[in-house]
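Asker: Quick note on numbering: the sequence shown equals residues 12 to 163 in this note's numbering.
Calculated directly from the structure, the hints in this document are not laboratory data.
Where a beta carbon is used, it is the ideal one built from N, C-alpha and C, also for glycine.
Accuracy of the hints is not assured; some may be wrong.
Straight-line Cα separation of at most 27 Å, DSSO-like style, residue types lysine-lysine; simulated pairs [claimed, not checked]: (1) K155 x K143; (2) K126 x K106; (3) K136 x K155; (4) K82 x K155; (5) K126 x K143; (6) K143 x K133; (7) K139 x K80; (8) K155 x K126; (9) K126 x K136; (10) K139 x K126; (11) K82 x K106; (12) K155 x K139; (13) K133 x K155; (14) K136 x K82; (15) K106 x K136; (16) K133 x K80; (17) K82 x K139; (18) K106 x K143.
Cβ-Cβ distance ranges computed for the label pairs, FRET-style [claimed, not checked]: (19) R95 x L65: 16 to 22 Å; (20) L65 x S122: 29 to 35 Å; (21) E26 x D99: 14 to 20 Å; (22) I123 x A163: 30 to 36 Å.
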Amino acid sequence: MNIVELLDPAAVEGEIRSTCKDDLLEEMTAVMLRAAPELNRGEVLEVLRERERLGSTGIGEGVAIPHGKLKNVEQLLLAFGRSRQGVDFDSMDGKPAHLFFLLVAPEDSVSIHLKTLARISKLLKDEKVREKLLTAPTSESLYKIICDEDSA
Numbered sequence: 012m013n014i015v016e017l018l019d020p021a022a023v024e025g026e027i028r029s030t031c032k033d034d035l036l037e038e039m040t041a042v043m044l045r046a047a048p049e050l051n052r053g054e055v056l057e058v059l060r061e062r063e064r065l066g067s068t069g070i071g072e073g074v075a076i077p078h079g080k081l082k083n084v085e086q087l088l089l090a091f092g093r094s095r096q097g098v099d100f101d102s103m104d105g106k107p108a109h110l111f112f113l114l115v116a117p118e119d120s121v122s123i124h125l126k127t128l129a130r131i132s133k134l135l136k137d138e139k140v141r142e143k144l145l146t147a148p149t150s151e152s153l154y155k156i157i158c159d160e161d162s163a
């Protein structure tokens, strides 16, 4: 399954304003709710915070992939955000994160959840892709870059 099949253009935000991890989780949840208003905001935040307590989802190179599982979700949902100033996300390399994929999966999904995390990691491992995402002028252009690179 491609990222673009899961990512609604409404759930892409090019101007994340948060400056700390918890605020980022709240802001990214709000971004996801634009495309999936049926989600319970409190439940999403609870699973994301719980996952972060287990260990940071900041994977380094300016990337974080906060994620969690919910029982009331029927399909995997994604949101993408970019912070120009960066957010201290307790990343493995100690550097701020600028690019965020938020992933919420059904509680009983394992395969699709792991495959999507791997696909996102592979996409953002490419320095040229990260640079394009960091310099894109609008949320619409961010979505187009993700679509183009995901299908490449």
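Asker: For this structure, which hints from the list above don't hold up?
Answerer: 4, 7, 11, 14, 17, 19, 20 and 22
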